[in-house]
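Trainee: Below, each chain spelled out in residue letters.
Protein chains: 2
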Amino acid sequence: MHASPQAYEKLVTRLKKTALLSSCSAVLEWDEQTYLPPAGAEHRANQLALMAGITHEQATNPEIGNMLQELEDNSNFGEDSIEQANIREARHEYDRATKLPRRLVEELSRVATLSHHAWVDARKTNQFQDFLPWLEQMIDLKREEAAAIGYEGNQAYDALLDGYEPGATSDLIEQAFVPLRNELVALVSAIKDSGITPDISILTRKYPVEKQREFSMDAAKQIGFDFNAGRLDIAAHPFCSGFGPGDCRLTTRYDEHHFPGAFFGTLHEAGHGIYEQGLNQEYYGTPVGSFTSLGIHESQSRMWENLVGRSRAFWDHFYQPAQTLFPEALANVDQEEFYRAINDVRPSFIRVEADEVTYNLHIMLRFELEKALISGALKPADLEAAWNEKFSEYFGLTPDTPANGCLQDVHWSAGLIGYFPTYALGNMYAAHFFNAAEKELGNLNELIAKGEFTPLKEWLNQKIHKQGKLFRANRLVEVVTGETLSHEPLIGQLQNKYRELYHL
Amino acid sequence: MHASPQAYEKLVTRLKKTALLSSCSAVLEWDEQTYLPPAGAEHRANQLALMAGITHEQATNPEIGNMLQELEDNSNFGEDSIEQANIREARHEYDRATKLPRRLVEELSRVATLSHHAWVDARKTNQFQDFLPWLEQMIDLKREEAAAIGYEGNQAYDALLDGYEPGATSDLIEQAFVPLRNELVALVSAIKDSGITPDISILTRKYPVEKQREFSMDAAKQIGFDFNAGRLDIAAHPFCSGFGPGDCRLTTRYDEHHFPGAFFGTLHEAGHGIYEQGLNQEYYGTPVGSFTSLGIHESQSRMWENLVGRSRAFWDHFYQPAQTLFPEALANVDQEEFYRAINDVRPSFIRVEADEVTYNLHIMLRFELEKALISGALKPADLEAAWNEKFSEYFGLTPDTPANGCLQDVHWSAGLIGYFPTYALGNMYAAHFFNAAEKELGNLNELIAKGEFTPLKEWLNQKIHKQGKLFRANRLVEVVTGETLSHEPLIGQLQNKYRELYHL
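Which chain is which? The protein sequence lines are A and B, in order. Under our numbering, think of the first position of the first sequence as 1, with each following residue one higher. Under our numbering, think of the first position of the second sequence as 1, with each following residue one higher.
The set of hints was computed from the structure by calculation and includes no laboratory data. Be aware that a few hints might be false.
It does not matter which identical chain is meant; a pair holds if it fits inside one copy or across any two.
Heads up, simulated BS3-like pairs for lysine-lysine below, C-alpha to C-alpha not over 30 Å straight-line [unchecked claim]: (1) 10 / 439; (2) 124 / 221; (3) 99 / 10; (4) 17 / 99; (5) 99 / 379; (6) 463 / 16; (7) 457 / 16; (8) 439 / 211; (9) 99 / 16; (10) 10 / 463; (11) 390 / 124; (12) 124 / 439; (13) 17 / 497; (14) 16 / 206; (15) 17 / 463; (16) 439 / 206.
Modelling step: build the complete structure from the supplied sequences, incorporating the hints.
Mentor: Set out below in C-alpha cells:
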C-alpha cells in the first residue's frame, strides 16, 4: 500500500502555514528588540504568548501526526530525497512540539518577554539580584520543558540542546571541546609568553557612528547581503532574524569609541543573513527550506566575521576605504598595525567582543554553567559567584560588574538554554567548510584581497544554504567536505594564523 | 431567566483574545509602512492574509453568537452601562464579521498589501495605469463586501461606511455636507476677493530635518503624547497605530523645504495617539476600551492640529523656540507673519497639506467619487479623468500629475473605502467639543498661550477617551456637549478666525 499522492502535499501545506504564522511572531520579536517603547513590554508579552499558543496549536494538530504516520508507513521516497528529509524533520519537530503542553509554551513565551526586559534593566543597573527571580522562573520552566520532551541517561540538558542542534548530545560536544580546549589553552599561553601586545588603542579612537554604519553596510553588501531584501537596525543585543522570502533583518549596536563591535558584529550578522537569503525559497516553510541547525548557522556568521573579515587579505581590499572614512582614527596607522590590532588575543570579559582564540573558552564556560543549572547542581542564586569563579579559572580575570559577567548575554533571559555550544560548533564547522571551499575554488585569500567575495558566497549558497535541512549538521559536514567533524581544522587555522602573528 | 453570571465574562475573554490577535497584525502593518524592505512585500502580504484569516475565524466563532444571544435574551444590564455597550458593539462587529466569507477576508487582505505597494510605485512614477488593475480588483472586492454585509435602499456604500462610522449613512452625511459646502464656498470666495495673500514662501525655506523632528516631538510631548508608551517614525503616508496598552506608534514624513508637513502632521497624529493612550486600559480588547468611531478619532487629531496648533495662542508659546531652532528660516520673520502663513487659505492639490477651510472640499470630492465607484456609476478606468474634472470644478485647478491628483492618498489602495467622510465629520465633532471644553475650562487660548495643555487634554481624556465605545459618535456629541451634530460650530469657528485674518 502507498500513501495517497496528496498526502505529502497536504503535509507541506500544513507545515507552510505554521511557518508563516511563526514568521509573524518573528516580526513582533524583532520589533520588541529594536523599536518597542518601554511601556509596551507587557502588551508585547501578551501578544507573543498568544501567537506562540496559536502556533503551537497548529504545529501540534493531530492531523499532522496522522499525515506523518501515513507517509512513514506507506511512502517510499528515496533516501536523501527532499520529501524524505521533510518528513524526517517534520516528525522531529512534531514530536518535540506535541510533548509540550500549551500552557507551558505560553508561559515560556510570556516569561521570556518579561524576563528579557528585566534583564535589560538589570544589566543597565548592574543588579544581578533584579534579574534573579526571572532566571529562577526560567530555569524551572526549562527543566519542566526538558522533562516533558524526555532524554536518555541523566542529561536533561540534551533535551534542550536537541532543539537547536538536532542530534547533538552533551557527551559528543564534550568530546570535541576537550581536545579543543587543551590546544587553545596552550595557544593562549604561548601568545601571552610571546610578550607581543598589539596597540589596540587605535580601535577605540573616534569612529563617528554614522560612518561606522555606512562602512559596515557597505562591507555587508560587498560580501553578498542583499539590502533590497533586508535591513540593518540597532538592538542592545545584536541578532539576525529571517522573516521569510525577501525579508531578513540584521541588527547591530554602535559605540563611537569601539570600531570592532559594530563592524565585525555586522559582518557576523550578515553571514547569518546571507544564509537566510540563500535558502531555497521554493521550499520556504518546510524543513528543506530552512537552516539545518544553529551550529551550521553560526558557521556562516563566524566564517564571514573571522575567516574572511579578520584576514589580512580582507584588509588588503578594505583598509584604504577605512582610512579614507576614518581619517582622524586611522590616518597615521598602517595596515599591518591595524591588522594586528583587530587580531589581538587577550582574555577579556565580553564574549561578543572576544578574539577568535579565547572566544571558545567563553562558550565552554557557559556550556558548563547552563548544564549545571538544568541538572540542578547549580542554583540560579549562586550563578553570579559560579560565573566569576569559573571565569577567573579560565581567563585569570574576575568580572568587575555583572554586566561584564553573567548578565552580559541575552540568551538565558530569553529562555535560550542549550544554545551556547552551537557557537563553538559553528567555529569548528566553519573551519571545515572554509578548507573545503579553498580546495575547490583555489586560494581564497587571493580572491578576498581583490574584493571578489562572490565565488565563496555562491559556493556556500550551493553547498550549504540551498540544502536547508536536507542533511543534519554532522552529515552535512561529511557530504560537503568528505570529513567527519573534528576540532582539527579549526585549531589548525588558528595555529597557522597566530603563530605567524605572534612569532611562535 | 437570567444569563449565567459567567456569560458576560466569557464573552469578554473571547473579545480580548481577538483584539490581542488583531493587534499583532497592527504591528506587521506598521512595519510594512515604515521599515519593510522592498523584496519582502509579497511575504508580508501572505503573513497579513493568514493573520486576517485567523482573526476572522476567531471573531466569527459561533460560540460568540451563542454568548451574545444568551446575553441579549436573558440579561438586563442598565442602559448606558459598560456591559450593555460591550454587548451592543460586539453584536455589531460579530454581525459584520460573520457576513464576510473567510475567503473574501483573506483576499481583501492579500490584495490590499500588494495593491499598497503598487500604489507606492505608481505614485512615484506618476502612472495611474500601473495602479488601475489593483484599483479594479479592490473595487470589485469592496462591492462584494458591501453585498455580503447588506444595506438598506440602494446605497451599497453605506455598508462600507458603517464599518468606520457605525450608524452613519451617506444621506445623513450629505445633510451635513451640503450646508457646510455652501458656507465654505462663500468663505473661500470672500478670502480670494480680499486680495490678501500671506507670504507662504517663509514655510519652504530650509528647515533641517533633524531639527524638524526634534521640534515636532517636543510639541507632541507638550500637548500630552507619552513617548514612553509610543514612538514617532517615518512613513510615506503618515498614520497612527495604537497597538494596545503602552504602545502607540505615530508616523510622519519630512521635507527639508516644507515646515508645515511634518509639524502639523505630527500634531495631527499625536492627537490620534493621545486618544489611543487615553483609552481605558482596564477595558482593553472590548469595545468600551476602544475608540468609538473614526470620525471621533479624527476630531481628536484635527483639534490638536488645527484648533490648537494653528491658533495664535499656540504660537505665543511656540514661536520663540521655533525661531531659535530655525534661525536661517525664521530669524527675520515676526510671529504674526508666521501665523498668517500657516493659516494661508488657497486651493491646492494635496489634501493632507490643505488649509482648514478648503480641506473639507477635498473630502467631499473623495466622498462623491468613492460612492460612484461603489455604485458602479464610475468605472475605475475613468477615475483619473473624473477626479481631475471634479477637482477643477471645486478648486478651479487641474492636478498636474496623478501624484497630485487621484494617486495622492493611500486609502483606496488599502481598501479603505467609506473612510474619507469621517475626516470631515471629525472636523465638525472637533468644533463641538472645543466649544464645550471652553465652556467648562474657561478661555482655552489663554491656557494654550501659556503652554498649559493639560487641562484640555485631561478634559478630553475624561469626556471622550475614557468612554471608548460606551456611546456611538452622534450620541457622544450629545452627551458631552448637549448639542446635536451640526455644521454650525465648525463654520462659526472658521468664520471667526478667517474674517479677522482676511479683514472680511
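Trainee: A separate judgement is required for each hint: does it hold in the structure or not?
Mentor: Hint check:
1. 10 / 439: neither (42 Å within a copy, 66 Å between copies)
2. 124 / 221: between (33 Å within a copy, 25 Å between copies)
3. 99 / 10: Intra 23 Å, inter 29 Å, cutoff 30 Å: intra and inter.
4. 17 / 99: For residue 17 and residue 99, both the intra-copy (20 Å) and inter-copy (25 Å) Cα distances are at most 30 Å.
5. 99 / 379: Only inside one copy: residue 99 and residue 379 sit 26 Å apart there, 56 Å across copies, limit 30 Å.
6. 463 / 16: Classified as within: same-chain Cα gap 24 Å, cross-chain 48 Å, threshold 30 Å.
7. 457 / 16: Cα proximity of residue 457 and residue 16: one copy only (27 Å, versus 47 Å across).
8. 439 / 211: neither (37 Å within a copy, 55 Å between copies)
9. 99 / 16: both (21 Å within a copy, 28 Å between copies)
10. 10 / 463: within (29 Å within a copy, 54 Å between copies)
11. 390 / 124: within (23 Å within a copy, 59 Å between copies)
12. 124 / 439: Neither. Shortest intra-copy (47 Å) and inter-copy (48 Å) distances fail the 30 Å Cα cut-off.
13. 17 / 497: For residue 17 and residue 497, the Cα distance exceeds 30 Å both inside one copy (47 Å) and across copies (57 Å).
14. 16 / 206: neither (48 Å within a copy, 51 Å between copies)
15. 17 / 463: Within. Shortest intra-copy distance 27 Å satisfies the 30 Å Cα cut-off; inter-copy 44 Å does not.
16. 439 / 206: neither (40 Å within a copy, 58 Å between copies)
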